[in-house]
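**Student:** Chain by chain, the residues run as shown.
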Amino acid sequence: AQSVTQLDSQVPVFEEAPVELRCNYSSSVSVYLFWYVQYPNQGLQLLLKYLSGSTLVKGINGFEAEFNKSQTSFHLRKPSVHISDTAEYFCAVTGSSNTGKLIFGQGTTLQVKP
Amino acid sequence: DVKVTQSSRYLVKRTGEKVFLECVQDMDHENMFWYRQDPGLGLRLIYFSYDVKMKEKGDIPEGYSVSREKKERFSLILESASTNQTSMYLCASSFMRSRNEQFFGPGTRLTVL
Chain E
112 AQSVTQLDSQ VPVFEEAPVE LRCNYSSSVS VYLFWYVQYP NQGLQLLLKY LSGSTLVKGI
172 NGFEAEFNKS QTSFHLRKPS VHISDTAEYF CAVTGSSNTG KLIFGQGTTL QVKP
Chain U
1301 DVKVTQSSRY LVKRTGEKVF LECVQDMDHE NMFWYRQDPG LGLRLIYFSY DVKMKEKGDI
1361 PEGYSVSREK KERFSLILES ASTNQTSMYL CASSFMRSRN EQFFGPGTRL TVL
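Protein chains in written order, with the working numbering: chain E, 112 to 225; chain U, 1301 to 1413.
By construction, these hints were calculated from the structure, which means they are not laboratory data. Heads up, a few of these hints could be off.
The list that follows gives simulated cross-link-like pairs (lysine to aspartate or glutamate, EDC-like), each with its CA atoms no further than 20 Å apart [as the list claims (entries may be wrong)]:
#1 E:Lys169 / U:Glu1401
#2 U:Lys1355 / U:Glu1372
#3 U:Lys1313 / U:Asp1338
#4 E:Lys160 / U:Glu1401
One-sided excerpt, in silico: chain E residues whose CB lies under 7 Å from chain U [said to hold, decoys possible]:
#5 Tyr143
#6 Tyr150
#7 Gly154
#8 Leu155
#9 Leu157
#10 Leu162
#11 Gly164
#12 Gly211
#13 Gln217
What follows is a list of derived Cβ distance ranges for each label pair [said to hold, decoys possible]:
#14 E:Ile194 / U:Ile1377: 38 to 44 Å
#15 U:Arg1344 / E:Leu162: 20 to 26 Å
#16 U:Pro1406 / E:Ser163: 36 to 42 Å
#17 U:Phe1395 / E:Leu118: 26 to 32 Å
#18 U:Lys1371 / E:Pro190: 41 to 47 Å
#19 U:Phe1320 / E:Ile194: 36 to 42 Å
#20 U:Ile1377 / E:Ala128: 43 to 49 Å
#21 E:Asn172 / U:Asp1338: 25 to 31 Å
#22 E:Arg188 / U:Ser1367: 38 to 44 Å
#23 U:Ile1377 / E:Ser163: 37 to 43 Å
#24 U:Asp1338 / E:Glu127: 31 to 37 Å
#25 E:Ser163 / U:Ser1367: 32 to 38 Å
All of these numbers come straight from a predicted model, not from anything done at the bench. Every residue, glycine too, gets a C-beta built ideally from N, C-alpha and C.
Working from the sequences, and respecting the hints, build out all of it.
**Tutor:** Here is the structure:
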């Protein structure tokens, strides 16, 4: 069965510093991978997704992620964070059936400090 | 602009009450989902619907039921609310295939006293 592990529950970082949020998945089949962001008191919105092709995926708000099949990872990165990036970030992988179901990680809270 | 709306942002109910949470999407999506979000546990799927009147249990269906009478509307029902159902509830919708992203509503924070 598929599973997703986000290795850090909280990541504190100073403004303008780079950040990496880590995500590992387990799956015996090809998967699609997603990163979502949840700002305080809001629902989730899509940051980026990997379907196929180039392993480096660019998303909104300057975020990017790299799909690494051999390490079964999909880490999210941003070279310089802003206060407004403070939010919870979720990594997700498609389930084994082609039904549109997603399996979510536990979430990583990014805390950007001035 | 795509929209998923949920009937309430905040709800307070008493133990034993019947609770209805409603979700409406305007994107003609086949799939609709109800998740529960708790700190440190991420999002857990309660129920999933891939068509009108069709439903499938998710990972934590106990204590919940759902209804989908129209394509755009998906309701989550707590037959007899309990304090351990205090949580944030998120609705989402998507087109059928797995490559399609899910679109989320703003969430309902339910407190059961």
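**Student:** Hint compliance check: list the failing hint numbers for this structure, sorted ascending.
**Tutor:** 6, 11 and 16
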